[in-house]
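Student: Residues per chain, in single letters:
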Amino acid sequence: MNWHWTLVFTVLVNLAKGNDENGVDPSPDTYEPSWVYKCEAEDGCERSERPEPTTGVGNSSFMVFESLDVCRTVCGRYGGLWPQPVTAVLSTQTVKIHPDFLRFDLENAPVETRELLVEMTRVVTANLLAECNGNVTEVVETPVTVYISVTSPSLVLSWDTDEQYYLDVQNKVDNVAVHVSAQTVYGARHALESLTQLIASDRPDYSKRRQCGLQMVAGAKVRDRPVYRHRGLVLDTSRNFIPMADVRRTIDGMAATKMNVFHWHVTDSQSFPLESRSVPQFTRYGAYSADEIYSAEEVRELIRYAQIRGVRVVMEIDSPAHAGNGWQWGKEYGFGDLAVCVNARPWRQLCIEPPCGQLNPANPAMYRVLRDLYKDIAELLPKPALFHMGGDEVYLGCWNSSKEIVSYMKTKGFDTDVEGYMRLWAEFHAKALQIWDEENGAAGDQRQPVILWSSELTQPERIQSYLDKDRYVIEVWEPLSSSLLNQLLRLGYRTISIPKDIWYLDHGFWGKTKYSNWRRMYGHLLPRDPNVLGGEVAMWSEYVDAQALDTRVWPRAAAAGERLWSDPRGGFAPAEPRMQRLRGRLRARGLRPDVLSPAWCAHHDSRCL
Amino acid sequence: MMKLIPKRRTSRRYRKHEQAISSVNTEGERSAWKWGCDNGKCVKSLIDAHSREPALSLEACKMFCNEYGLLWPRPTGEAQLGNFLSKINLNNIDLQIPNKGRTDSLMDEAGQRFRQIVSLSVPNGLKAKASGKALTVYLVNENPDVREFSLDMDESYTLSVSPSSADRLNATIVASTYFGLRHGLETLSQLIVYDDIRDHLLVVRDVNISDKPVYPYRGILLDTARNYITVDAIKSTIDAMAAVKLNTFHWHITDSQSFPFVSEREPRLSKLGAYTPNKVYTKEIIKEVVNYGLVRGVRVLPEFDAPAHVGEGWQDTNLTVCFKAEPWASYCVEPPCGQLNPAREELYDRLEHIYMDMADAFRPDMFHMGGDEVSERCWNSSEEIRQFMVQNRWELDKASYLKLWNYFQTKAQDRAYKAFGKRLPLVLWTSTLTDYTHVENFLNKDDYIIQVWTTGSDPQISNLLRRGYRLIMSNYDALYLDCGFGAWVGSGNNWCSPYIGWQKVYDNSPKAMAGPHSDLILGGEAALWTEQADSTTLDGRLWPRAAAMAERLWAEPSSDWHEAEHRMLNVRERLVRMGIKSESLEPEWCYQNEGYCYH
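Going down the list, the protein sequences come from chains A and B.
For the first sequence, counting from 1, position 338 maps to 338 in UniProt numbering; every step adds exactly one.
For the second sequence, counting from 1, position 223 maps to 223 in UniProt numbering; every step adds exactly one.
Excised from the complex, chain B in its bound form (with noise of 0.2 Å):
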C-alpha cells in the first residue's frame, strides 16, 4: 500500500492558505517535488498546477541531465542518449534471440533477470500503469556456443533503442559472446527508470551505445572461512556484482580458522573444519554457486591458500605444524596458527585430492593458489623440517626457507597442473617469495600471476611488471574493504584502518599505478576478508564501494569521482532496490538537491 500525506487538519490560523498548498497537488497528494536539469544538475521544486510544462521525476531528471545518465559502468566507447524518454509498459516487454546454440539455457535465464530488474525500478508498494508502448530487445549473439570464461574472452557490445512504429520501440543487443550480451541487458535495464510524478516507467529513446571494458580481470574476493557466508549471500553478491558487471568471484573458501570445502576424496577435513556440519559448501552447491556466476557472467575462481593459511580440518593429518601455536604472534599474523609441512610427501598426495575436488566442483580456467604470509619461525619451530632443511644442505636461515617454501610450490603447482588437467593460469598473492630482487629464481611469469595487496605505492608493482609479470591489484589501501573497524585482537582499530571511502577506491588507478606497463595489468578486486563480517553485515561492507571499483576497472575514466558522485548515489539506491543492503553514502538530501554538499 502507498502511504499518502495524512489529511490536513490545519489550524484556524492557517486557513485562508490552505487552498494555495490544495493546488500543489497534481496528482492526488502524493508528490510535491519536480525536478528540473539545470546547469547539468537536477534542481528540486514545487509541483506547479497552473504549469503546463511536465514535471519531471527525480530519477527522470537524473537520466536526464547527466552525460551518461544513470548508467554505471559508464560506457567506454560511444555513448549516445536521446533528449526523449518513452513510457513503456512492463507487461509488454519481448525478447528476440535469433540465433541458437550452447548458450540458450543462459540466455533464458538472463532474460527473466533482465525484466526482474526491470521490475525492481517500480519502488516497494507501487505498481506502474499497463499503459505506454511495447518493447521488443533483439540479442544477437555472434558466436552463441562460447560459454567458457577466459581472461582474453570478449565482453564487447552495442546496444541501441530506437522507436519501431507509433506503439512500439525496438531495443538491439549485438555482442560476440554471451558475456557481452549480458553486459548489453544489464545496461538497457540501467535505462528504464520509474516516474512516481505518472506512475510510469520511462525508457531512454534514441540509444546508441558501444561499450566494452578496459581490464579482463574485475574481481571480488571473498573470504568465507574466517566466518562462514551462507549460499544465499553468495548468490546475493553475485547479483550485485553482475550489475555493475564485475567478472570474477575469487572465494577464498578456506584458513586457518575453518575449512568448509567438503572434499570428497578428503572428507576428515571439513568434517573437522567447519564450524559446524551445515557451515559446509559441498560440490553440489559450488556447482550452484559456479553456474549462478555462469549465468550472470561471473567466473568463480576458487583459491586454496597453502602453505600457511591452513590449521583447522587438519588436525588427524599430522601434515601440519605449529597449529594453534601459543603464543601466536611469533608464529603467525593471527589466530589459530598452521603451516603445512612441505617435508612431507604425503601432503602432495593430499593437495592433488583437494585440487581434483576443486576441479570437479568449479571446473575453473584459473586457480589461485594462496601463497601468502608464510612464517619461517613456525616453519623452524618443527624438528621435523630442521632436519628436512640440513638433509637437503641448506642452511636454516630465511633464503633457505624461501627455498623451502619454492620446493612446496613447484610440487604444488605440478598437483595442481594433474588435478585440472590443464596447465591452466595460476595466481599467487604477493609474499618474500614473490619479491621482484628473486621473484624469477622461483616462479615462471607464463605460469603465474602475482596478486598485489600491499599499498599502490609499493616499489614491488613496478619492479614486478618491468620484469613481465601480469598483475591483478588488490592494493590493501583502496580495496581492502574490512578497514577502519575495531581490532578483534587486542584494542586499537585493525591493522589497515582507516576505512576507505568509495572516493578512494573510485580514485584507485591500476593504469597511474602502472606507468608504461599497463597492458600487464589483469584489473583489480576488492578484498573482503571477514574476520568481522558474515552473512549478516556482508553487503554493507562490499556495497557500494566495489561499484565504486567497478567503473574504474570498465572504464578507468580519466576524471576522479567528483564526475560519478551523482550516478554513484543512484546506482547504491538501485542495489537496495535488489535487496542488497548497502551502506548510505550520504543524507538522502544530497541526492534529492545535486550540487549542495560539495566540500
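Next comes chain A alone, as it looks inside the complex (with noise of 0.2 Å):
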C-alpha cells in the first residue's frame, strides 16, 4: 500500500534536507527534487512548489506526488482515462503493483473466447511494462487478479457486437480484485484497455532514478459503453505506402483510445500495393516496388492483431474510379483496356489529381479480374465481411475520352451526357456488388452490405434510383456545411460521418485546406441518429508516408475517438489534463505523437487555455 500521504511525508523529509543545502551540485545525478504535481478538483494537476511543513497531513484540501503521471491518473472526476467513460468512481488513493504478479481469471469466460483473451491480456502486460520503459523496477508481491467474466462465445466483430464493460477495482488486505464483465470479449478488451489506463508509472519526474514502479487506482467502479458504434480511422497506403510495422503501430493507437474500425484504402490510382494471389499482375505492375506490398499472409496476420485489439479491419477498393496502375496490363493479355486514361495527359479533365484511371465497365474482362480480386479479399476477410466499394470523384470526361465505352453507352441505350453516364456508374455498383455478394457467399458469409463514400451518385434525387438502403451504407465526406448528411439520414440510408473540414488529419499542409487542432476535431459533433452508424478520421498519404504518419494522426485521431466513443457534453477544456496523459501513454507504447503545447502547460493544467 502507498497511500499519497505516505508521498507527502517523503516530501517533507526532502524539504528539510535540501534547505541546508546552497550552491547545489548542478549534475542531475544528484538533483534533488524541486517541485511536486499538486491535484486541485477545479485545475487539474499543476506544478508547485513543495508544500510547507505546517501545511501538512489532515487538513490539506489538495494531495501532492512526485510523478506528474500517477497525478493524472487519480486527478478529476475520470482520472487519466482516454476516451471518458460513462460513469467511473475512481479513488483517489494508488497502490503499488507488478506484472508479475498480476493474474487473469477467465474461469467465467467461454471456452470459445479464452483463447483470444489470452492474446488480449498479453497487451495489457506489455503496455504496462511499456508505462516503465520495458522494465518494472519496483516489485511488490501484492497479488493482483483480474477476474474476467464474458458471456457471449462469438468472437464476431460487427456494429452489433456488444463492447460495453463494467470494470471493478478493489484493494483487499494483501491483494487486490478486478472484476471485468462484459457481453462480449471486445467489451472484456475495452475493460482492460481502462484497466491499464487506471495505472501509471511513479517514476519521479524530476528525477533520473533508474527505478520505476507501477501505481494503481486502489478502487474502481467504471460503467462504460460506446455511443457510436463505428469508429474509425482510414489510412490510404496507396499515394505512398506505409510498412506493416507502421500500419501496427497505428491500430495500437486505435486500441489505446477504443477505436474500432480501421478502414484500410488500401489501392488507388498512384499504385495498388496489395498482393492478390489469383491476379499477381496488381503488384506485378501496380506496386512501387517488390519491397512495397502487403503479402496476403502480411493481411491476415494484420486482421488477427486488430482482433486482439477490438479492431475491425475494413478493405476498401476504391472503384470505378481511383483505379489505374496495377491495372494498366489488360492489353498485353489480351483482355483489352481494364481501365482507360490511365496515367493520361493533361490530368485535369480526367481526374482529381494525377495519376488518373478508372476502370472500363465496358469490358466484361475488367468483371472478371474484379471478381478474382473480390475473391482473395472474401477469403481474407473475417465474417461478417465488411466491405469498402470506394466510389468517389468518377470523372465522367474519362470515360467520355473512351470510344469502347462510348459505344458500349449506345448499345445499352444510355444517353452520353450527364444522367446516361450516371447509369453507367450505377450499373458498374451494381454489377460489382453482385460479384462481391457470390464471392463473399462462396467464403461462407451472408449478404453484408457494402460502403460507398458519397458522390454525384449519392445526391438524394439521385440515389434512390440507384443505390438501395439496405445494401449501402454511405459514408459521407461532404464538407459540415452540407446538408447531405442529413438529407440521406432523411430518405433512411445508414452513414458514417466523416467532414473533409473537420476530420481529414491532411488538411492544413496543401491548398487552402485548413488544419484542425485535436480542439477543433473534438468540438465536432454528429447527429444523434440511429443511422449514423459513426464518423472515421481520414489519413491520405499524398503528404505523408511512414516518416511522418504518427505526427500526423496521433494524438488529433483520438479527439475523435472520444467525440465518438463517448460524444461528452463538456468542451476540450475539462477533456486537456487527460489528453495529456493520453499522448504520454502513446509515447510510452512506441507511437510518436505530436505535440500539444510546450512542456510547461503539460505541467501548469488549466494555465495554457
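Just so you know, the hints here were simulated from the structure itself, not pulled from any lab data.
Model, not experiment: these values are computed from the prediction.
The reader is advised that the hints may include incorrect statements.
Okay, the calculated beta carbon distance ranges per label pair [claimed, not checked]:
#1 S497(B) with G334(A): 47 to 57 Å
#2 K221(A) with D349(B): 54 to 64 Å
#3 T87(A) with D316(B): 42 to 52 Å
#4 Q211(A) with G579(B): 24 to 34 Å
#5 K511(B) with E332(A): 46 to 56 Å
#6 M244(A) with N99(B): 44 to 54 Å
#7 K511(B) with R423(A): 57 to 67 Å
#8 S497(B) with K221(A): 41 to 51 Å
Even for Gly, the Cβ is constructed at its ideal location relative to N, Cα and C.
Two chains, two frames, some hints: make the complex.
Tutor: Right, dumping it as C-alpha cells:
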C-alpha cells in the first residue's frame, strides 16, 4: 500500500534536507526535487512548490504527487482515462503493483473466447511494461487478480457487437481484485484497456533514478459503453506506401483510444500494393517496388492483430475511379483495356489528381478480374465481412474519352449526358456488388451491406434510383456546411460521418485547406440518429509516408475517438489534462504523437487555455 | 532480408500468358521497372529482357537526366557531370590526406562520415556487390591549421572525378579550409547512387565542380525551452544540416517556460528551471554538441534571450518581474510571462556569469542576445521599475521604456564582451528597439547584426539596409517552420498559419528582398519554435523544408522551385536514409513518374 500521504511525508523529509544545501551540485544525478504536482479539483494537476511543513497531513485540501502521471491518473473525475467512460468512480489512493503478480482468471469466460482473451491480456502486460520503458524495477508481490467474465461465446466483431463493460477494482488487505464483466470479448478488451489506464508509473519526473514502479488506482468502478458503433480511421497506403510495422502501430493507437474500425484504403490510382494471389499482375504492375507490397499472409496477420485489439479491418478497393496503376496490363494479356485514361496527360479534365485512371465498365474482362480480386479479399476478411467499394470522384470526362465506353453506352441505350453516365456508374456498382455477394457468399458469409463514399451518385435526388438503402452504407465526406448527411438520414440511409474540413488529417498542408487541431476535431458533434453508425478520421497519404505518419495522426485521431465513444457534453478544456496523459501513454507505447503545447503547459493544467 | 514478389499462382484463365510475365524478369524477380531519360525527365517502363540496352535504375536515371544530377544544394560555379556511371566497390574506397595540421582529427571524422553516408545509399536489407572499381579520394586542404568559424571563412572547394586506370577512379577535392573540403566530401557522396537492378554502387565519372556559397550564414534555429530536445535529436539535426551544407545551428536554449542550460556559476537557474533534472544541457553535453557541429562544418551559436522571454529558473533571484502574471495576454505573448528587472545592478553580475558559462561551453564566434517581444506593460507593472524610471528623469511612456531597454542592452553588451573576452559579433531580433527610425540611437551597426523575423515585405528590411545594418533573414512568412498547426492557446490555428510548403521556402530569396544592398545580407535561417514540437516530432517539422532553404542560401538560383523539384524529392529520400523522419512531399508515384504531377 502506498497512500498519497506517505508521499507527502517523504516530500517533507526531502525538503528539510534541501534547505541546508546552497550551491547545489548541478549534476542531474544528485538533483533534489524542487517541486511536486498538486491535484486540485478545478484545475487538474499543477506543478508547485513543495508544501510547507505546517500545511501537512490531515488538513490539506489537495493531494501532492512526485509523478505527474500518477497525479493525472487519480486527479479529476475520470482520472487518466481516454476516452471518457460513461461513469467512473475512482479512488484517489493508489496501490503499488507489479506485472509479474498480475493474474487473469478466465474461468467465467466461454471456452471459445479464451484463446483470444489470453492474447488480449498479453497486450495489457506489454502496455504496463511500456509505462516503465520495459522494466518495472520496483517489485511488490501484491497479487492482482483480474476476473474476466464474458457472456457470449461469439468472436464476431461487427456493428452489432456489444462493447459495453463493467470494471471494478477493489483493494483488499493483501491483494487486489479486479472484476471485468462484459457481454463479449471485445467489451472485455475495452475494460482491460481502461484497467491499463488506471495504472501509471511513479517514476518521479524530477529524478534520474532508474527505479520505476507502477501505481494503480486502489478502487474503481467504471461502467462504460460507446455512443457510436463505428469509430474509424482511414489510412491510405497507395499514394505513399506505409510499411506493415507502421500500420500495426496505428492500430495500437486505435486500441488505446477504443477506436474499432481500421478502414484500409489500400489501393488507388497511384499504386496497388495489395497482393492478390489470383491476379499477381496487380502488384507486379502496380506496386511501387517489390518491397512495397502487402502479402496475403501479412494481411491475414494484420487482421488478427487488429482483432486482438478490438479493431475490425475494413478493406477498401476504390472503384470505379481511383484505379489505374495495377490495372494497366490488360492489353498485354489480351484482355483489352481494364482501365481507361491511366496516367493520361493532361490530367486536369480526367481526374482529381494525377495519375488518372478509371475502370472500364464496357469491358467484361474487367469484371472477371474484379471477381478474382474480390474472391481473394473475401477469403481474407473475417465474417461478417465489411467491404468498402469506394465510389468517389468518378470523372465522367474520363469515360467519355474512351470510344469503347461511348459505343457501349449506345448499345445499352444510355445517353452520353450526365444522367447517362450516372446510369453507367450505377450499373458498375450493381455488377460489382453482385460479384461481391457471390464471392463473399462462396467464402461462407451472408449478404452484407457495403460502404460507398458520398458522390454525385449519392445525391438525394438520385440515390434512391440507384443504390438500395439496405445494401449500401454511405460514408459522407462532404464539408460540415453540406446538408447531404441529414438528407440521406431522412431518406433512411445508414451513414458514416467524416466531414472533410474537420476530420481529414491531411488538411492544412496543401491548397487552401486548414489544419484542424485536436480541440477542433473534438468539438465536432455528429447527429444523434440511429442511422449514423459513427464517424471516421482520414489520413490520406499524398503528403505522408511512414516518416510523418504518427505525428499527423496522433494524438488528433484520439479526439475523434472520444467524441465517438463518449460524445461528452463539456468542451475540450476539461478533457485537456486527460489528453496530455494520453499523449504520454502513446509515447510510452512506441508511437510518436505530435506535441500539444510547451511542456510547461502540461505541467500546469488550465494555465494555457 | 530482401522481400521478393511472392511466387505467382495464376488462375487457369491467365495461364497461357504466364510466360509473358516471367520473361519480364531479368534479374530474379526483384525489379520490373527501368527508367530512361527523355527530354530531361526520367520515364518509367517495363524491363524488356530481349533488349540489349542496359536498364537504368531510378536514381541512376535521375543522376543522368538532370543538369545538376542529384546534387543538393546545386553548385554555384562549374558543374560538369560526365555521361558515364562507373561501378565502384564500397569496400575499396581509400582516402588520402597529404597536408597535416590542426584539423587532422576533424579530417578523420569527416572521412568516417563520408564512408557512412556512402554506405547508406544502399537501401536497407540489400547488399552491394563487392566488385567494381576502386576509388581513391585525395583531400587537399590548403590551410590545414584553420578550424575556427567566422563570418568570412572560406567554404569554397573544387572537386574532380576521373579514371586513373582500368580499375581505379580518382576523386580530388581541393579547398582552402577544412570547411570547404568537408563540403566537397558531401558533394562527392551525392554523386554516388545505388543501382537496384544490378545491386551495384555507381559513381558519376568525369566530374569537374567548383563551388562556394552565396551567403556566409545559413542556419537553423532550434528552441529547446518550450519543449526539451534530446541531445541525440540535436545531433541528428546537425547531421542533416551538414548533408545540405547549412553552417549554423542557432540554439535558442532558454525561454520563459524552462531553463535547461546548466550554468555552473548560477546553478539554481537550471535546478529550478529545467522541466526535469535530466532535461538539461551541461557544459560537457554542449561541448560535445559543439564539437559534433565543428566536424560537420556547423557552428553552434548560443542565444541567451533577454530581457523578455525569461521566467522559469529565476524564481529565487528576485530579478524578474511579472513572472506567471495573469491574465498573461496583458503582459506577454504567451504563458508564462516574465521579464528581467533592469533596475537591479545585481542582474548584470548574474548575466555575466551566464555569459561566462556560455563562453566556456560554446566558445562561440558570434553571440545572440535575443531581445524580442519586450512588454512595457510588464515592466510598468513593477513599482520598483517605475521608481527607477522616475529617478532617471524618464517618463513612463513608450519612448522611455525604450531607453530603459537600451540601458539594459548597453550594460548587457559590456558584460558580454567581458565574458567572451572579445568584441564578437552580436545578434538581436527585430523589435521596437531595432526600428529603423531610431535604431541608430541605440545599436551600433558595427556591433550588431539584426535578425529579421517580420514578413519579407516589411519596409524595415530596406530601411535597415540603407542604414548599413547587416541582416539575417528569418522572415516568418517563409521560414518559421512551426506555422500552420492548431493553436495551443485558444482555438483556431496558430498565429503564423498557414503551413509553409517547401516551394515557398525555396522561393524565399534574400537577394530579392534586399534590393541594391544584398551585400549586407549575411544569409538566412529557418526557425523551429517548439511550442508544438519536441524530439519525437522535430524531424518532420524541419525536413525536408530546411533543405529547400539550404539550396536558396547556398546558390541563390535565379530559377524557382519548379527547376529543383526532382532533385528535392531525392534529397528527401536521402535524408530518410540517414534516419531523418522527413515529411513526404508527394506520392511516391510522382517520384517515379517525373513530369506528371504538375499543377
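Student: Look at each hint and say if it fits the structure.
Tutor: Verification of the hints:
1. Between S497(B) and G334(A) the Cβ separation comes to about 54 Å, which falls inside the hinted range of 47 to 57 Å.
2. Between K221(A) and D349(B) the Cβ separation comes to about 59 Å, which falls inside the hinted range of 54 to 64 Å.
3. Between T87(A) and D316(B) the beta carbons are some 45 Å apart, a value that agrees with the proposed interval 42 to 52 Å.
4. Look at Q211(A) against G579(B): about 31 Å separates their beta carbons, and that is inside 24 to 34 Å.
5. One distance hint, 46 to 56 Å for the beta-carbon pair K511(B) and E332(A), holds here, with the actual separation near 52 Å.
6. At about 51 Å, the CB distance of M244(A) to N99(B) agrees with the hint of 44 to 54 Å.
7. Between K511(B) and R423(A) the beta carbon distance is about 59 Å. The supplied range of 57 to 67 Å therefore holds.
8. S497(B) and K221(A) have their C-beta atoms about 44 Å apart, which keeps the hinted 41 to 51 Å range intact.
Checked against the numbered hints given earlier, the structure satisfies every one of them.
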